[in-house]
Amino acid sequence: MSAWQVVGASVRGPDHAREGSPGQDAWARGLFGGRGACVCLCDGAGSASHAEVGARVVADAVVAALAEAPAGESAATETLRRACAAGRAALLQRAADLAVAPTALACTLVAAVCMDGWVAVAHLGDGAVVGRRADDGELALLSAPDRGEYVNETWFVTSAAWATHLRIGVHDEISALCVVTDGCQEASLVRGDRGSPFAPFFAPLFDFTAEVSDLAAADAEVLRLLDGAAMRGSSGDDKTLAIAWLTSP
Amino acid sequence: MSALVDRVRVNDNNREPRQPLVLLVDTSSSMTNDLPDVAAGLDGLRGALVGDPVARNRVELVVVTFGGRVTTHGDFGEAALFEPPPLSASGDTPMAAALTQALDLLEAKKLAYRRSGLDYYRPLVFLLTDGEPTDMARWPEAVRRVREAERDRKLVLLTVGTSTASFPRLAELCPGRVPLRLKEAQWASMFQWLSRSLQARSRSRPGDEVPLEDPTGPRGWGTLPS
Chain A
1 MSAWQVVGAS
11 VRGPDHAREG
21 SPGQDAWARG
31 LFGGRGACVC
41 LCDGAGSASH
51 AEVGARVVAD
61 AVVAALAEAP
71 AGESAATETL
81 RRACAAGRAA
91 LLQRAADLAV
101 APTALACTLV
111 AAVCMDGWVA
121 VAHLGDGAVV
131 GRRADDGELA
141 LLSAPDRGEY
151 VNETWFVTSA
161 AWATHLRIGV
171 HDEISALCVV
181 TDGCQEASLV
191 RGDRGSPFAP
201 FFAPLFDFTA
211 EVSDLAAADA
221 EVLRLLDGAA
231 MRGSSGDDKT
241 LAIAWLTSP
Chain B
1 MSALVDRVRV
11 NDNNREPRQP
21 LVLLVDTSSS
31 MTNDLPDVAA
41 GLDGLRGALV
51 GDPVARNRVE
61 LVVVTFGGRV
71 TTHGDFGEAA
81 LFEPPPLSAS
91 GDTPMAAALT
101 QALDLLEAKK
111 LAYRRSGLDY
121 YRPLVFLLTD
131 GEPTDMARWP
141 EAVRRVREAE
151 RDRKLVLLTV
161 GTSTASFPRL
171 AELCPGRVPL
181 RLKEAQWASM
191 FQWLSRSLQA
201 RSRSRPGDEV
211 PLEDPTGPRG
221 WGTLPS
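Keeping their order, the protein sequence lines are chains A and B. Using this note's numbering, you'd call the opening residue of the first sequence number 1 and step up by one each time. Using this note's numbering, you'd call the opening residue of the second sequence number 1 and step up by one each time.
Hints are not guaranteed to be accurate.
As the list claims (entries may be wrong) - Partial list, computed: chain A residues near chain B (C-beta under 10 angstroms):
1. 125
2. 186
3. 204
4. 205
5. 229
Hints in this document: simulated from the structure, not taken from any laboratory. Quantities reported herein were computed from a predicted structural model and do not represent experimental measurements. C-beta: ideal position from N, C-alpha, C; glycine also.
Looking at chain A on its own, in the form it has when it is part of the complex:
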């Protein structure tokens, strides 16, 4: 029985729905080290022809690799790096199978592992991870969106310099975290130099975890949030959001 639980959902953005194109976000969740959990969110590049395939392949491969990995905190950085490399290898293999260039499957990646007392986050590109501190319940931006100088540029799993742009951080005393893709950024962060969590967005989400008894019902609640009028109005992009929390401290 895992001490961590994960709920989440992914919706196709109104812009993609209008264009008749597929949703290009994907996410996956799994167990980690017996008592922990892992999650991976990927956002396919808008201009990549097979972005939705790339996002799906990477999310699944990263979670599969993490589920098999050692769970010690000292090895967390290396564990995440290897899982991300496995995700990239799976993408390259799928591109070869489809006989397309890897960039046709370009996507970003945010992966997190959650254990008793610590969490670790690997992040390539945009999207964000916000944590709740175990001691005082304060919100903390654990990983900020990363991009080039311009607002419409970011880094992808397929970028040549992906390993340079992959950021991995280990954080102690985090009792819950929320991972979002780019489509949720406008709604959930306060724009600025690095950005900061918008508390009226995240606080109700973390409070919500205390009431969850049925994971499928909770997933459906998140789906309704992402597909609600406020979120649709905030961005026409695909949106994915996952929350992980420690149930038995």
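Dock chain B against the given chain A, drawing on the hints supplied.
What follows is chain B alone, placed relative to chain A:
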């Protein structure tokens, strides 16, 4: 408990990212007959941007004229507030000084964006001319700076000449992108194309390519210089 969707509040206070644009307009004396069309084009550009709910708050533009001397008309302003300046033709063609001015304006603007925490798109510089630079002493330095800025992805420079323009000179500015030759009296189409390009760019998201609609197609406003 109420539904999650009713409890979570969405931040709608973030300020829009900006798309800066510098319009460099040749107002040397030979432009006399073209300027009414350019002025009408600027007005059409204003109208198209104001009518676009996204572009009106994101595109920020400034007009710099070069005819006898270089004049910057006001500061960068949101398209919603843009007023096309009156244009009158006189003097020679200080194109090098105008390009240098555009680069300086953009560097200052980007610094201001960063200081106020605003995100921005790669700036555009759009140069219109019917001739060639007359400030040749400053030209090599202007070419060097423009090329360096393009190489460092600091901006995108698009140059458009009428049939009398010196295309070899314009080509010196951007080795990777050919200058375009405006078809006879196609100013209106060109400005409409610019509006559409700005509208598309100002909506783009990470990973989107923003291909410019090909202006040299059969119904386009431009041709490649021979």
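Results of checking the hints against the structure:
1. The interface hint given for residue 125 of chain A is met, as the beta carbon of that residue sits about 7 angstroms from the closest beta carbon of chain B, less than 10 angstroms.
2. The interface hint given for residue 186 of chain A holds, since its Cβ lies 6 angstroms from the closest Cβ of chain B, which is under the 10 angstroms cut-off.
3. With a least beta-carbon distance of about 4 angstroms to chain B, the hint placing residue 204 of chain A at the interface is held under the 10 angstroms criterion.
4. A least Cβ separation of about 6 angstroms between residue 205 of chain A and chain B falls short of the 10 angstroms threshold, and the interface hint therefore holds.
5. Among the interface hints, the one on residue 229 of chain A holds; its C-beta lies about 9 angstroms from the nearest C-beta in chain B, closer than the 10 angstroms criterion.
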